[in-house]
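Listed below, chain by chain, are the residues.
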Amino acid sequence: MEKRELICIGCPMGCALTVELDGGAVVSVRGNTCPRGDAYARKEVTAPTRIVTTTVRVTDGVLAAVSCKTRGDIPKGKIFDIIRALKAVEVAAPVVIGQVILPNAADTGVDVIATKNVEKRG
Amino acid sequence: MKNVDLVIIGGGPAGLAAAVAARKNGVQDILILERDSELGGILNQCIHNGFGLHTFKEELTGPEYAARFIAQVQELGIEYKLNTMVLDLAADKTVTAMNKSDGLFQLHPKAVILAMGCRERPRGALNIPGYRPAGIFTAGTAQRLVNMEGYLPGRRVVILGSGDIGLIMARRMTLEGAKVLCVAELMPYSGGLKRNIVQCLDDFDIPLKLSHTVVDIQGKERVTGITIAQVENGKPIPGTEEHYDCDTLLLSCGLLPENELSRAAGVALSPITGGPSVNESLETNIPGVFAAGNVLHVHDLVDYVSEEAGAAGEHAAAYILKGEHAAGRTLPVRCENGVRYTVPTAIRPDCAGDTVTLRFRVGGVYKNKKIAVYLGDTCIFSRRRPVLAPGEMETVRLKADLLRGAGDAVTVTLEEG
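Residue numbers (the working numbering), protein chains in the order written: chain A, 350 to 471; chain B, 665 to 1081.
If we strip away everything but chain B, and leave its shape as in the complex, we get (with noise of 0.2 angstroms):
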């Protein structure tokens, strides 16, 4: 196997971008390793319009959004093997992978980019009670099912879990024939977009409930019935259960990077994102080894994995052509106040280049607050926000000269607007 300079772990969105960007940064040999047949990654499932409005300025379908970058990737002639699954990385960075064609094979790359990407929370990690008939399907997989295999999954539909993908399935469902009973949350908030509610349920009069979750899934072959049940701190209320006939239960309960890779090569995770802690060049514990878009963190915009992959790839590509940084002082990041998790979870000044972008999620519904960094007591950063919701990610760019102050730690909080 010839030797490759850079090896990019997935061609997905972030793998693509990535790739754009470390060849247009000067790194010849790219290998992208993809393990579907084809590259794009989820987009190819996702039918849906409204990508890329800020990369593109015009809104496109998940297919079509992939094909620009993947044009991007064949013009610039970056290779890439399809039906290649990666087996193992070490943390010597050796690539350990095979397919039908090359058999089982080692890359030993300079540098890597983690992208693989993130998967649904299945079943079992959902503590459903009742019986385990067909008809229990991820979103995602019944996505996938109707969009690209032509398969209905099924006829008569409860969906748990409002996030995006659960209210795109329930009009995809709708327009393809079926019934969607019923989205039940969980929480007493949607996770999904206004624009997905309105669009998805609304427009077909398929019920939100909120607060609620499945209490019950009947029948032993296939699905015959959901119970659902109002909560309350958790728990369900006793007494307010609903049964829907049904033959198909829908899940769509939050996604996780998917980083068994990453842990074997003993790349340090996040407990909050589950993905990697990176610095301000997204490059892991593992010098050499970085990391972009869903598998770092989930992103809620196609435009923003884009838009971090290139920064991974051009990360890459000055590591790879100029070696290691002499790192300097290392700043902590730290959240406070409803600031969930950031990323990046250590800033080098003198490493970075004009400008560091910090992206962080909050844990609740706040309105009216100010975003503020700290770089040691001293406010570098502050901007007024009328609302922050979980399901936003919120995007900080930080001049970099501000960084070079005293102060040994970042804090990034929310405070009185």
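So here's chain A without its partners, still in its complex pose (with noise of 0.2 angstroms):
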């Protein structure tokens, strides 16, 4: 029996939740004071998911860099595949909110997209 110790982030009240696994199934969330507690413990250990936010380099723009982001959740393992997949991209300004920036980001079919409108260098 596998036990895991989590932080709820529900609320502020930060609950110490820990949560029993055999083979990968939950067994038992304990420490939660809410419903939602026991909701989050369970996606948590068995597929978490993040939205990521990070930027990439314009050429020829007002600024040096664009805010993008995951247009939803990706798995929790993927963060750093997708930054690695997004050293290597650069975006000739004028870039616009919600213009694809990566299509299929670390082949988790998820695009990432631009945050911010970045006018040409004028």
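Treat each hint with caution, since some may be false.
[Claimed, not checked] Okay, the calculated bits of chain A under chain B, using three or more residues with CB under 8 angstroms as the criterion:
| no. | segment |
| --- | --- |
| 1 | 351-358 |
| 2 | 403-412 |
| 3 | 454-466 |
Derived by calculation from the structure, the hints in this document are not laboratory data.
Ideal Cβ placement from N, Cα and C applies to all residues, glycine included.
Two independent chains are provided; combine them into the complex using the hints.
What follows is the structure in structure tokens.
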């Protein structure tokens, strides 16, 4: 039986959660004071996901970098794969919010899109 | 210079929301003065997500949140001047400002909204011993360098302070290839959101050292190392020192409302928040001068800044279009039992609309308490709270009718739940 310790992020209480797993399946969640803690713990130990936000270089823009994000959740384990894939990417100004910076980033099926408008240097 | 009815000092989230609300409430001649080269303020460098859950019911990044308000300002045809520094605000509301194209100019608006935001507490305000080498940055400065200007300020990093900006920068520096050795926090708890502790530190195995502070900075030209030690009753405990070889120290040690202009104008400031003392209309002691956002008190969520600034915009519009209220009686707002401050600090029931919004913070972590509001000796509001913490602003909305009863002061307090 495997045990995992987590802090619940549902509210400022920050309950200390203990999850018992048996071969990857959740057996029990303890320490939560509300159902949100139970749901958070189950997802976090079986399929944790994150939104990745970072920047990529811009050429000929009023700024040197443009901020971007994964359009949706990606598996937590893929964070650094996406960051590495974006290292090689450079976009030319102008850049507009929502523009695809990198399609299907690191084979997650999720696009990385711009989150800021960057005008061309005039 | 053409004259305007309303000058808004600052084009960040507070200034933008205030401008939109003032225009929607009938003010035609509005001018936003912004010292940076674009609107949006600090949101432009906050590229992480989590903004806008209350306002737009979705999780946006900072620049996306700003863009929605900038679009409204532009659609409404509200004028703004960028790269413009306000040099002085006088007690008669004369605004003196300058920029490259207009030179030095003065405006004589009917009303002013203060929306200058806040600044980070710098090293000079922290009493950290050691040399003064390069490599010491506030977390926000590092954030701007990385996210907007494309520079990485260091490779091996220690962060002092576990406020949200410090936590966010721990992740950001890690993603950009730096090694974050630890985050040291003077207090026995973090001032940051739980979500940030999990997603910015735990995800990357960055240790959070509570009750620790920096006791020495080594290096003459550039930081070469940092020594931290455990703290008890505000004093480092000898023998607990730990050394880190590093080239960078980031400071995330609190935010201070930026009120240089307000002070010069004679605006009365709260010694606790560092922001103006305001009444229920978010109006300072100078009639027609309003304040909202982080210049008033530091907020956790931009959604609340937008809401508060929208209210300031409405009140400024009423002042411009209808003139000063006949004030009637004024109830001071007092804090007790762990409530550190409130905004507003005075309520004029006759000037309030249907509801009065009270925002406040507590001074420590409290469990199973009740927030109670009294008018004189009468309890007019109470709500159970399983947990209250200094990092979470509390909001109470009171029906204005309840404030018309007997009693000469409002008291906000915590009681046993």
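Hint check results:
A stretch counts as covered by a chain when three or more of its residues have a beta carbon under 8 angstroms from one of that chain; for the segment 351-358 of chain A and chain B the count is 4, and the coverage holds. A stretch counts as covered by a chain when three or more of its residues have a beta carbon under 8 angstroms from one of that chain; for the segment 403-412 of chain A and chain B the count is 5, and the coverage holds. Coverage of the segment 454-466 of chain A by chain B holds in this model, with 3 residues showing a Cβ closer than 8 angstroms to a Cβ of that chain against a need of three.
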